[in-house]
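Q: Line by line, the protein sequences are chains A and B. Taking our numbering, I'd label the letters of the first sequence as residues 1 to 112. Taking our numbering, I'd label the letters of the second sequence as residues 1 to 110.
Hints are computed from structural coordinates only; laboratory data are not their basis. Do not take every clue at face value.
Said to hold, decoys possible - Taking lysine to aspartate or glutamate pairs in the EDC-like style, the calculated list, with each CA pair at most 20 Å apart, reads:
| no. | chain 1 | residue 1 | chain 2 | residue 2 |
| --- | --- | --- | --- | --- |
| 1 | B | Lys40 | B | Glu84 |
| 2 | A | Lys51 | B | Glu84 |
| 3 | A | Lys56 | B | Glu84 |
| 4 | A | Lys36 | B | Glu84 |
| 5 | A | Lys36 | A | Glu17 |
| 6 | A | Lys56 | A | Asp83 |
| 7 | A | Lys56 | B | Asp85 |
| 8 | A | Lys57 | B | Glu98 |
To be verified - Incomplete in silico selection of chain B near chain A, CB under 10 Å:
| no. | residue |
| --- | --- |
| 9 | Met15 |
| 10 | Tyr33 |
| 11 | Gln37 |
| 12 | Arg63 |
| 13 | Phe64 |
| 14 | Glu67 |
| 15 | Cys68 |
| 16 | Pro69 |
| 17 | Phe75 |
| 18 | Glu84 |
| 19 | Leu88 |
| 20 | Ala92 |
| 21 | Tyr97 |
| 22 | Glu98 |
| 23 | Gly102 |
Heads up, the beta-carbon is just placed ideally off N, CA and C, and yes, glycines get one too.
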Amino acid sequence: GQQVMQIPQYQHVQEGEDFTTYCNSSTTLSNIQWYKQRPGGHPVFLIQLVKSGEVKKQKRLTFQFGEAKKNSSLHITATQTTDVGTYFCADPSSGSARQLTFGSGTQLTVLP
Amino acid sequence: ETGVTQTPRHLVMGMTNKKSLKCEQHLGHNAMYWYKQSAKKPLELMFVYSLEERVENNSVPSRFSPECPNSSHLFLHLHTLQPEDSALYLCASSFGYEQFFGPGTRLTVL
Numbered sequence: 001g002q003q004v005m006q007i008p009q010y011q012h013v014q015e016g017e018d019f020t021t022y023c024n025s026s027t028t029l030s031n032i033q034w035y036k037q038r039p040g041g042h043p044v045f046l047i048q049l050v051k052s053g054e055v056k057k058q059k060r061l062t063f064q065f066g067e068a069k070k071n072s073s074l075h076i077t078a079t080q081t082t083d084v085g086t087y088f089c090a091d092p093s094s095g096s097a098r099q100l101t102f103g104s105g106t107q108l109t110v111l112p
Numbered sequence: 001e002t003g004v005t006q007t008p009r010h011l012v013m014g015m016t017n018k019k020s021l022k023c024e025q026h027l028g029h030n031a032m033y034w035y036k037q038s039a040k041k042p043l044e045l046m047f048v049y050s051l052e053e054r055v056e057n058n059s060v061p062s063r064f065s066p067e068c069p070n071s072s073h074l075f076l077h078l079h080t081l082q083p084e085d086s087a088l089y090l091c092a093s094s095f096g097y098e099q100f101f102g103p104g105t106r107l108t109v110l
């Protein structure tokens, strides 16, 4: 089945540093979603990107969808301890629109 | 709180036991999902129930049996599980493209 590769698997940053996680697919994606899961918590929807080259911002978070719609990134500016968690990209293109294929996630640790 | 509840939150069972996980949503959503989350593995979609279809991940063993009696309730029936089935089982629901996850059931199979 279709897979989305996500890197890095782990990232430790000092508070105030920036952070980026990348999601790559070998096939063209119709759209892509991002979720955040806090330690001990459950995934929470952040955003969906649909258009080629789309860039969306949510406060310190910037989401990008590649021009070819084969990759996406999530960038956090000036990380805070509240940003700790695992960030997943998810591809809703597999089979019916109801099915999500999740990336392996990037686990972010923010050191105070 | 996302409006999706799961019970029990923790479950320890032997390999010969039969148990059921329950998920409930009152968000007016029309699709519900079961996911498995194991350590060091991506979230794995197990089953989808929606108005249009029921979708099964063919790699899910038959010892997992879903039941969706209505659009608000979803069950996962478990029997003769294996230790490798120990994981966090997450329920989710949706109306559009955004999925709302429950807190999960942490399952340990001894």
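Q: Need the status of pair A:Lys56, B:Asp85: alpha-carbon distance at most 20 Å?
A: 38 Å, violated
Q: Against chain A, is B:Tyr33 within 10 Å by beta-carbon distance?
A: With a minimum Cβ separation of about 8 Å from chain A (threshold 10 Å), the hint on B:Tyr33 holds.
Q: Are the Cα positions of A:Lys57 and B:Glu98 separated by 20 Å at most?
A: With Cα atoms ~18 Å apart, A:Lys57 and B:Glu98 stay inside 20 Å; holds.
Q: Just to be careful, I want the Cα atoms of A:Lys51 and B:Glu84 compared with a cutoff of 20 Å; is the pair within it?
A: 40 Å, violated
Q: What's the verdict on A:Lys36 and A:Glu17, does the C-alpha distance respect the 20 Å limit or exceed it?
A: Since the Cα atoms of A:Lys36 and A:Glu17 sit roughly 19 Å apart, the hinted pair holds (cutoff 20 Å).
Q: Would the stated hint for B:Cys68 survive a check requiring a Cβ distance to chain A of less than 10 Å?
A: Because about 13 Å separates B:Cys68 from the closest Cβ in chain A, which is outside the 10 Å limit, the hint is violated.
Q: Holds or violated: A:Lys56 with B:Glu84, Cα cutoff 20 Å?
A: With a Cα-Cα distance of about 40 Å, the restraint between A:Lys56 and B:Glu84 is violated, given a limit of 20 Å.
Q: Hint B:Gln37 vs chain A: min CB-CB distance below 10 Å?
A: 9 Å, holds
Q: Quickly compare the C-alpha distance for B:Lys40 and B:Glu84 to 20 Å and report which way the hint goes.
A: 13 Å, holds
Q: Double-check B:Glu67 for me: the hint is only fine if its C-beta lies closer than 10 Å to a C-beta in chain A.
A: 18 Å, violated
Q: B:Glu84 was flagged as interface toward chain A. Is the shortest Cβ-Cβ separation under 10 Å?
A: Violated. Min distance 18 Å.
Q: Taking 10 Å as the limit, does the beta-carbon of B:Tyr97 come near enough to a beta-carbon in chain A?
A: 6 Å, holds
The structure fails to meet hints 2, 3, 4, 7, 9, 12, 13, 14, 15, 16, 17, 18 from the earlier list, while all remaining hints are met.
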